[in-house]
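There are 2 protein chains.
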Amino acid sequence: MADQLPQVLVLRPPPVFTLLETQFSQKFHFLRAWESPLPTADFLATHAASVKAVLCSGDTPITGDILRHLPSLQLIVTTSAGLNHINLPECRRRSISIASAGEIFSDDCADLAVGLLMDVLRKISAADRFIRAGLWPIRGEYRLGSKLGGKRVGIVGLGSIGLEVAKRLEAFGCIISYNSRRKKANISYPFYSNVCELAANSNALIICCALTDETCHMINKEVMKALGKEGVIINIGRGSIIDEKELVQCLVQGEIGGAGLDVFENEPDVPRELFTLDNVVLSPHVAVYTPESFSDLYDLMVGNLEAFFSNKPLLSPVLDE
Amino acid sequence: MADQLPQVLVLRPPPVFTLLETQFSQKFHFLRAWESPLPTADFLATHAASVKAVLCSGDTPITGDILRHLPSLQLIVTTSAGLNHINLPECRRRSISIASAGEIFSDDCADLAVGLLMDVLRKISAADRFIRAGLWPIRGEYRLGSKLGGKRVGIVGLGSIGLEVAKRLEAFGCIISYNSRRKKANISYPFYSNVCELAANSNALIICCALTDETCHMINKEVMKALGKEGVIINIGRGSIIDEKELVQCLVQGEIGGAGLDVFENEPDVPRELFTLDNVVLSPHVAVYTPESFSDLYDLMVGNLEAFFSNKPLLSPVLDE
Numbered sequence: 002m003a004d005q006l007p008q009v010l011v012l013r014p015p016p017v018f019t020l021l022e023t024q025f026s027q028k029f030h031f032l033r034a035w036e037s038p039l040p041t042a043d044f045l046a047t048h049a050a051s052v053k054a055v056l057c058s059g060d061t062p063i064t065g066d067i068l069r070h071l072p073s074l075q076l077i078v079t080t081s082a083g084l085n086h087i088n089l090p091e092c093r094r095r096s097i098s099i100a101s102a103g104e105i106f107s108d109d110c111a112d113l114a115v116g117l118l119m120d121v122l123r124k125i126s127a128a129d130r131f132i133r134a135g136l137w138p139i140r141g142e143y144r145l146g147s148k149l150g151g152k153r154v155g156i157v158g159l160g161s162i163g164l165e166v167a168k169r170l171e172a173f174g175c176i177i178s179y180n181s182r183r184k185k186a187n188i189s190y191p192f193y194s195n196v197c198e199l200a201a202n203s204n205a206l207i208i209c210c211a212l213t214d215e216t217c218h219m220i221n222k223e224v225m226k227a228l229g230k231e232g233v234i235i236n237i238g239r240g241s242i243i244d245e246k247e248l249v250q251c252l253v254q255g256e257i258g259g260a261g262l263d264v265f266e267n268e269p270d271v272p273r274e275l276f277t278l279d280n281v282v283l284s285p286h287v288a289v290y291t292p293e294s295f296s297d298l299y300d301l302m303v304g305n306l307e308a309f310f311s312n313k314p315l316l317s318p319v320l321d322e
Numbered sequence: 002m003a004d005q006l007p008q009v010l011v012l013r014p015p016p017v018f019t020l021l022e023t024q025f026s027q028k029f030h031f032l033r034a035w036e037s038p039l040p041t042a043d044f045l046a047t048h049a050a051s052v053k054a055v056l057c058s059g060d061t062p063i064t065g066d067i068l069r070h071l072p073s074l075q076l077i078v079t080t081s082a083g084l085n086h087i088n089l090p091e092c093r094r095r096s097i098s099i100a101s102a103g104e105i106f107s108d109d110c111a112d113l114a115v116g117l118l119m120d121v122l123r124k125i126s127a128a129d130r131f132i133r134a135g136l137w138p139i140r141g142e143y144r145l146g147s148k149l150g151g152k153r154v155g156i157v158g159l160g161s162i163g164l165e166v167a168k169r170l171e172a173f174g175c176i177i178s179y180n181s182r183r184k185k186a187n188i189s190y191p192f193y194s195n196v197c198e199l200a201a202n203s204n205a206l207i208i209c210c211a212l213t214d215e216t217c218h219m220i221n222k223e224v225m226k227a228l229g230k231e232g233v234i235i236n237i238g239r240g241s242i243i244d245e246k247e248l249v250q251c252l253v254q255g256e257i258g259g260a261g262l263d264v265f266e267n268e269p270d271v272p273r274e275l276f277t278l279d280n281v282v283l284s285p286h287v288a289v290y291t292p293e294s295f296s297d298l299y300d301l302m303v304g305n306l307e308a309f310f311s312n313k314p315l316l317s318p319v320l321d322e
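Just so you know, the protein sequences line up as chains L and W, in that order.
Taking this note's numbering, the leading residue of the first sequence gets 2, the next gets one more, and so forth.
Taking this note's numbering, the leading residue of the second sequence gets 2, the next gets one more, and so forth.
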């Protein structure tokens with residue numbers, strides 16, 4: 002029975018797959034590469050030569066090597082909004098379609114970005130630590146946090162997540178400006194073509210852009226210096242958008258004011274120097290993780306696969322610019 | 002020189018006084034009761050019989066006893082928004098004026114309320130603890146948080162803080178309703194006259210009301226049961242608005258889903274049972290604490306005292322309803 006269902010290759014199970022595997026498996030027959038004792042290349046050569054569709058997450062690299070072993074591949078469905086794990090030129094060359102999570106995570110990502118900013122400014126996690134360590138009765142008053150209202154917030158990457166961040170922060174009285182590849186039509190927030198200039202004019206930077214060759218290590222020492230000693234960096238994009246080594250040094254030496262980080266360069270490894278800093282809030286790449294968004298994601302992933310196998314248009318195709 | 006300045010009694014120094022004492026002391030001559038070795042009653046009898054103005058904070062009780070020792074008192078300036086530390090009937094009887102912090106903290110309080118709600122729902126502090134304990138590489142994926150958008154949030158006390166909370170949460174897609182002494186004119190949010198009914202129809206309650214005889218322990222076991230196993234309570238009002246013993250029991254036994262608490266019944270003592278719970282965020286009564294609001298508070302406190310001593314109307318008088 003299961004063999005009659007359309008075949009979908011999974012190299013490593015995305016969280017939404019693990020959580021909702023029973024439902025997924027009623028609709029598709031999954032080739033489970035991660036469970037095989039064979040090396041990936043052998044598994045693919047033996048079992049996946051005819052596979053037309055892959056389901057993957059943002060931390061499963063779909064390299065040129067993988068693609069070479071999948072000569073019949075026509076569709077990659079990724080549970081991520083980002084595409085930096087996929088060899089896009091090769092997909093383009095072979096006309097492999099890609100469907101992504103699209104904007105399904107934008108609200109949750111924006112919520113976490115605002116939550117991290119608030120936490121760093123108002124010291125929520127640090128204060129919670131202070132109480133749990135039993136220090137309130139001993140040390141008395143806690144250090145002042147910093148007000149959200151009136152803060153100049155620079156959004157790096159004003160896509161669907163960045164716009165949701167801006168909408169929320171306006172309700173707190175923050176003053177928004179942004180940097181992106183080009184000025185957006187119909188957006189009244191001040192635009193800075195240079196991220197350094199944006200940093201120099203901001204109390205906080207919120208990194209919401211995609212990781213590409215251009216944005217890799219875009220937030221470098223120069224940007225951090227421009228942001229300054231009171232400035233805060235929030236990253237819900239990808240770890241490598243920031244030069245993490247420089248970031249750690251700037252935080253340790255007090256050259257920037259604080260950071261809220263949901264992503265890191267070598268997850269799950271987080272630089273241990275950050276563990277002792279009270280002006281840093283660390284989050285294990287969970288910006289998109291709520292049951293509500295997972296349920297929406299499930300519907301979208303299934304919808305894309307079903308559309309593909311019935312020759313209908315994808316629900317959330319990735320369109321090259 | 003200092004003796005020629007208007008006299009103001011301070012029983013215990015409010016934080017804003019400690020922080021900005023030099024500026025304060027250029028304008029007023031402060032009688033510093035907390036520095037005297039004498040018992041308070043003796044200090045007041047000896048030094049303060051003629052004092053006309055008191056500067057106090059929310060944790061300095063201005064009892065009938067204190068007032069009896071201050072026969073010339075005409076003004077109490079409190080650095081708090083709440084008045085539950087002041088014997089109001091006695092002040093009314095003696096026509097002692099009161100000036101409070103008014104709405105100066107509303108933005109900061111509302112920010113922290115939203116921050117605590119987000120932290121409980123998205124597990125920000127708990128996730129930060131998870132990383133700092135080095136658990137990410139060992140345990141892998143972190144538990145899912147819960148989405149803010151679409152949550153039904155019941156605001157208990159829709160004054161200036163409650164309205165600011167509502168404004169912010171609307172930007173996150175939350176659905177607002179409220180309870181207060183009476184239905185507000187010109188407010189379209191659904192009104193519940195009964196806090197239990199509000200709880201039964203809410204995913205989260207945010208306590209923004211003043212502590213009065215009527216609101217003391219208003220959030221009791223019945224309200225928590227109505228809120229239910231997934232429900233979250235945020236308290237930025239006063240600790241005693243919640244029956245803390247019941248709250249601890251409900252949290253320990255999983256009868257409510259979580260809590261974000263800036264205030265407690267016996268500060269700085271926090272029930273230790275809460276220290277081990279990951280669905281609880283603890284904050285040391287810092288909702289109003291930012292340098293920005295302190296600076297505004299200083300201006301307001303000085304303005305009220307100057308107005309009083311030059312027979313002008315107070316800037317932020319407390320008007321009996």
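Some hints could be false.
A pair counts as met if it fits within one copy or between any two copies, since identical chains are not told apart.
The calculated DSSO-like cross-link candidates involving lysine-lysine, where the alpha carbons are at most 30 Å apart (straight line), are [unchecked claim]:
1. Lys-168 x Lys-152
2. Lys-185 x Lys-168
3. Lys-222 x Lys-53
4. Lys-222 x Lys-168
5. Lys-230 x Lys-184
6. Lys-313 x Lys-246
7. Lys-313 x Lys-230
8. Lys-28 x Lys-226
By construction, these hints were calculated from the structure, which means they are not laboratory data.
Computed from a predicted model, the values in this text were never measured in an experiment.
Structure-based check of all given hints:
no.	hint	result
1	Lys-168 x Lys-152	both (14 Å within a copy, 18 Å between copies)
2	Lys-185 x Lys-168	both (16 Å within a copy, 27 Å between copies)
3	Lys-222 x Lys-53	neither (44 Å within a copy, 57 Å between copies)
4	Lys-222 x Lys-168	within (29 Å within a copy, 37 Å between copies)
5	Lys-230 x Lys-184	within (28 Å within a copy, 47 Å between copies)
6	Lys-313 x Lys-246	neither (46 Å within a copy, 59 Å between copies)
7	Lys-313 x Lys-230	neither (53 Å within a copy, 43 Å between copies)
8	Lys-28 x Lys-226	neither (53 Å within a copy, 40 Å between copies)
The structure does not agree with the numbered hints 3, 6, 7 and 8 stated previously, though it agrees with the rest.
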